[in-house]
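J.: Construct the entire structure; sequences and hints are all you get.
The lines below spell out each chain.
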Amino acid sequence: MNSSRRLFLQGTALALVGCLASPLALTAAEGKAMIALMPKSKGNAYFLSCKIGADRAAKELGVELLFDGPVDSNAAKQNEIVENWITLGVDAIAVAAENKEGISTALRKAQKQGIKVVTYDADALADARSFFVNQATPEGIGYALMDEAARLCGNTGEFAMITASLTAANQREWQKKIEKRLAEKYPQMKLVAVRPCDDLKDKAQSEATALMSANPKLKLIMSICSPGVPGAAEAVKQAGRVGQVKVIGLGLPNENRRYVKEGVIDSIILWNTENLGYLSVYAAVALANDQLKPGAKSFKAGTLGEFKIEGDQILLGKPFLFNKENIDQFDF
Amino acid sequence: MKTPQTLERSHGWRKWLLRHETLLLVVLVLEWSLFYYFGTSVNRRGMTVGFGTLDRQFDILRHSCEIGLLALALTPVILAGGIDLSVASLLGLCAVIFGQLTHDLGLSLSIAAGATVALGALAGGLNATLIAGLRLPPLIVTLGTYSLFRGLAEALTRGAVTYSDFAPRFLSLGQDRWLALPVQAWVFFAVAAGMWMLVHRTVAGRSFRVIGFSPEGARFAGLPVTRNLAGVYVLAGAIAAIAALIYTARLGQAKADAAIGYELFAIAAVVLGGTSIFGGRGSVTGTLLGVAVIAVLKNGLATLPVVIRLNAAEEISGMLTGFLLLAALAGSTIPKLVSARRNRSWSNGSFISPSP
Numbered sequence: 001m002n003s004s005r006r007l008f009l010q011g012t013a014l015a016l017v018g019c020l021a022s023p024l025a026l027t028a029a030e031g032k033a034m035i036a037l038m039p040k041s042k043g044n045a046y047f048l049s050c051k052i053g054a055d056r057a058a059k060e061l062g063v064e065l066l067f068d069g070p071v072d073s074n075a076a077k078q079n080e081i082v083e084n085w086i087t088l089g090v091d092a093i094a095v096a097a098e099n100k101e102g103i104s105t106a107l108r109k110a111q112k113q114g115i116k117v118v119t120y121d122a123d124a125l126a127d128a129r130s131f132f133v134n135q136a137t138p139e140g141i142g143y144a145l146m147d148e149a150a151r152l153c154g155n156t157g158e159f160a161m162i163t164a165s166l167t168a169a170n171q172r173e174w175q176k177k178i179e180k181r182l183a184e185k186y187p188q189m190k191l192v193a194v195r196p197c198d199d200l201k202d203k204a205q206s207e208a209t210a211l212m213s214a215n216p217k218l219k220l221i222m223s224i225c226s227p228g229v230p231g232a233a234e235a236v237k238q239a240g241r242v243g244q245v246k247v248i249g250l251g252l253p254n255e256n257r258r259y260v261k262e263g264v265i266d267s268i269i270l271w272n273t274e275n276l277g278y279l280s281v282y283a284a285v286a287l288a289n290d291q292l293k294p295g296a297k298s299f300k301a302g303t304l305g306e307f308k309i310e311g312d313q314i315l316l317g318k319p320f321l322f323n324k325e326n327i328d329q330f331d332f
Numbered sequence: 001m002k003t004p005q006t007l008e009r010s011h012g013w014r015k016w017l018l019r020h021e022t023l024l025l026v027v028l029v030l031e032w033s034l035f036y037y038f039g040t041s042v043n044r045r046g047m048t049v050g051f052g053t054l055d056r057q058f059d060i061l062r063h064s065c066e067i068g069l070l071a072l073a074l075t076p077v078i079l080a081g082g083i084d085l086s087v088a089s090l091l092g093l094c095a096v097i098f099g100q101l102t103h104d105l106g107l108s109l110s111i112a113a114g115a116t117v118a119l120g121a122l123a124g125g126l127n128a129t130l131i132a133g134l135r136l137p138p139l140i141v142t143l144g145t146y147s148l149f150r151g152l153a154e155a156l157t158r159g160a161v162t163y164s165d166f167a168p169r170f171l172s173l174g175q176d177r178w179l180a181l182p183v184q185a186w187v188f189f190a191v192a193a194g195m196w197m198l199v200h201r202t203v204a205g206r207s208f209r210v211i212g213f214s215p216e217g218a219r220f221a222g223l224p225v226t227r228n229l230a231g232v233y234v235l236a237g238a239i240a241a242i243a244a245l246i247y248t249a250r251l252g253q254a255k256a257d258a259a260i261g262y263e264l265f266a267i268a269a270v271v272l273g274g275t276s277i278f279g280g281r282g283s284v285t286g287t288l289l290g291v292a293v294i295a296v297l298k299n300g301l302a303t304l305p306v307v308i309r310l311n312a313a314e315e316i317s318g319m320l321t322g323f324l325l326l327a328a329l330a331g332s333t334i335p336k337l338v339s340a341r342r343n344r345s346w347s348n349g350s351f352i353s354p355s356p
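So the protein lines, in turn, are chains A and B.
Just so we're aligned, residue 1 is where the first sequence starts under the numbering used here, counting upward by one.
Just so we're aligned, residue 1 is where the second sequence starts under the numbering used here, counting upward by one.
Honestly, the hints are just simulated from the structure, not real lab data.
Quick caveat: nothing in here was measured; it's all calculated off a predicted structure.
For every residue, glycine included, the Cβ atom is placed at its ideal position computed from N, Cα and C.
Hints are not guaranteed to be accurate.
[Unchecked claim] DEER-style ranges, computed between Cβ atoms:
hint, chain 1, residue 1, chain 2, residue 2, range
1, A, N254, B, A193, 50 to 56 Å
2, B, R44, A, G311, 29 to 35 Å
3, B, D165, A, G43, 26 to 32 Å
4, B, G133, A, E173, 53 to 59 Å
5, B, L156, A, G240, 55 to 61 Å
6, B, A193, A, E139, 20 to 26 Å
7, B, P137, A, N254, 28 to 34 Å
8, B, D165, A, E139, 27 to 33 Å
9, B, H103, A, E306, 41 to 47 Å
10, B, S108, A, E173, 35 to 41 Å
11, A, A126, B, H200, 49 to 55 Å
12, B, S33, A, N254, 44 to 50 Å
13, A, A126, B, G322, 19 to 25 Å
14, A, E139, B, S108, 42 to 48 Å
T.: Have a look at this one:
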């Protein structure tokens with residue numbers, strides 16, 4: 001009986017050989033720089049959209065691009081993948097950090113081995129990377145939202161705001177910038193209410209309904225959290241006030257595509273994710289080739305041209321407006 | 001009383017060659033050599049990279065410590081005919097508790113670590129009470145605590161809080177080396193040695209197999225079944241807590257989702273190591289080899305160029321682990337069925353897993 005057991009284990013071993021023999025033909029690409037790009041999770045459409053831009057950049061630069069990340073957003077997996085890239089000896093790593101402190105351990109280790117590190121989308125600790133490719137400053141987001149709101153309202157009238165919560169740091173910051181822009185540039189406009197929706201679409205919908213009945217002259221609802229945009233749109237649609245009350249906000253194209261096409265939402269504001277991936281790869285390659293060094297004031301990334309650098313952050317620049325005309329070019 | 005181990009050992013070196021552990025060792029050496037051959041290369045900066053680097057070997061060791069500890073914890077449990085699905089959830093809970101003890105309560109590292117291990121043992125005690133005390137089925141009990149412990153960890157942190165900023169002295173447990181090896185490897189080896197002594201060299205350890213083989217028989221034979229059975233679950237809890245400390249130190253963070261899914265890898269390692277899932281048969285050495293085979297597979301695959309280009313190391317290693325497990329199970333079960341049928345009797349001196 002034991003000999004047949006042995007046979008089975010030998011069979012297992014043979015099968016392993018079979019599985020492994022195939023890579024023989026495919027050893028590491030000769031002389032090409034290897035750049036590794038990590039999303040927070042690799043099935044996430046947002047990051048797949050980043051990858052489209054990253055692939056384009058890798059092709060232009062003639063580098064090999066590795067793209068791997070956890071199947072779900074898992075900080076521990078991110079570390080293991082970085083450690084794996086270290087032993088693979090990649091030239092540069094670009095990471096969207098799931099956990100700021102957690103990933104920094106692995107990134108510092110990479111830097112010690114001479115691998116250049118940038119972060120994009122979500123930063124790690126400053127000493128664990130050379131640059132952070134910052135997709136949006138609070139000022140950029142806040143001003144773009146306020147300018148768009150004013151444009152749609154003809155620079156005059158009442159509008160209301162939906163936030164995730166009145167305490168969340170990023171929401172507070174965006175709100176402050178919006179109010180600053182409002183005070184400086186649009187004296188004819190009035191912010192009548194700011195309501196939290198707890199990052200829930202349903203709650204945003206009921207808040208939007210309440211806002212409309214409490215403020216009959218309301219011309220626009222602006223949501224600065226992503227579930228709030230479709231929530232407000234649904235409320236406006238159900239109240240039959242499409243066109244009278246406009247909806248804009250910070251959101252994802254896929255969540256809002258239907259409303260944008262129906263004309264309920266005029267525009268949603270975010271950054272161009274493809275450009276984010278493109279810029280991240282360009283920055284990583286430039287770092288690896290010593291063309292980009294700490295202290296630089298600007299950086300040229302292929303066909304996208306010059307980008308501003310503030311301190312150790314490369315700024316992607318102005319947010320991107322998704323509207324009826326361009327929304328179908330994006331899928332995330 | 002002759003245990004299966006002593007029976008097998010008494011057949012000498014030819015039997016040793018055919019033992020499950022020996023065959024696993026062959027598989028391990030084979031896969032290691034293959035990865036060494038196909039997964040090592042020189043990059044454009046002239047550095048040797050990939051599987052064949054010392055760093056990679058240390059990574060393998062580091063990555064196997066937590067799953068290895070859980071597998072060690074599970075070995076006596078499964079030997080005694082039980083199962084514990086809650087170990088990885090308990091790891092998550094202990095990691096979060098340790099974070100709270102050090103960060104929110106400001107306890108010193110050693111006190112917090114001690115308290116965490118005690119809490120792990122206590123949580124294991126809950127399993128023990130329900131399984132050994134109330135004689136509830138371990139699969140259902142630990143399925144319950146699997147959800148309970150993870151749920152507690154999430155509730156304590158509201159699913160959002162991550163503890164980081166641990167003292168460097170603590171982080172060195174998971175990130176530095178001591179006497180040439182990663183620090184946590186020493187902890188792992190110590191627990192492994194202790195577990196080997198317990199299972200193979202003590203009366204209590206031998207009783208695990210007897211209990212797994214036939215709990216009623218063990219009771220009639222006057223063995224302290226309830227006490228010993230409770231012991232393995234408490235021990236499993238304490239070891240899960242130690243694994244939690246190592247996990248937290250390696251990543252420098254404690255979060256409620258720590259080690260999700262590790263229990264399945266640990267059970268796979270134990271079963272791959274030749275321990276019968278029905279209890280009664282198995283060894284610590286087998287478990288260690290099972291852990292090594294899975295760890296080398298997981299890490300080695302990630303260094304193969306073709307796998308890297310597919311960006312699917314995690315998925316492929318999951319599939320291959322499953323395949324290995326099934327092959328090992330089939331390898332150890334089918335010959336028995338065949339020989340049992342041939343002999344029309346189950347009493348030909350070989351040990352057969354009792355059907356539940």
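J.: Just to be sure I understand the hint, the distance between the Cβ atoms of B:R44 and A:G311 should be within 29 to 35 Å; is that true here?
T.: Given range 29 to 35 Å: holds, Cβ gap about 31 Å.
J.: Do B:A193 and A:E139 keep their Cβ atoms within the hinted range of 20 to 26 Å?
T.: violated (60 Å)
J.: 44 to 50 Å was suggested as the range; check whether the CB atoms of B:S33 and A:N254 agree with it.
T.: At roughly 47 Å between Cβ atoms, A:N254 and B:S33 fall inside 44 to 50 Å, so the hint holds.
J.: Does the Cβ pair B:S108, A:E173 satisfy 35 to 41 Å?
T.: The hint (35 to 41 Å, Cβ to Cβ) holds, given that B:S108 and A:E173 are roughly 37 Å apart.
J.: Taking 42 to 48 Å as the hint, is the beta-carbon distance of A:E139 and B:S108 inside that range?
T.: holds (44 Å)
J.: Falls inside 19 to 25 Å, the C-beta gap from A:A126 to B:G322?
T.: Since A:A126 and B:G322 have Cβ atoms about 42 Å apart, the given range 19 to 25 Å is violated.
J.: Honestly, do A:A126 and B:H200 meet the 49 to 55 Å range at C-beta?
T.: Given a distance of about 51 Å, which is inside 49 to 55 Å, the answer is holds.
J.: Given a hint of 26 to 32 Å, does the C-beta separation of B:D165 and A:G43 actually sit inside it?
T.: Given range 26 to 32 Å: holds, Cβ gap about 31 Å.
J.: Tell me if the beta carbons of B:D165 and A:E139 are separated by a distance inside 27 to 33 Å.
T.: With Cβ atoms ~29 Å apart, the hint holds.
J.: Within 28 to 34 Å: is that where the Cβ-Cβ distance between B:P137 and A:N254 falls?
T.: Between B:P137 and A:N254, where Cβ atoms are some 45 Å apart, the hint is violated.
J.: Just to be sure I understand the hint, the distance between the Cβ atoms of A:N254 and B:A193 should be within 50 to 56 Å; is that true here?
T.: holds (54 Å)
J.: Against the range 53 to 59 Å, how does the distance between the Cβ atoms of B:G133 and A:E173 compare: consistent or not?
T.: holds (55 Å)
In this structure, the hints that do not hold are numbers 5, 6, 7 and 13, in rising order.
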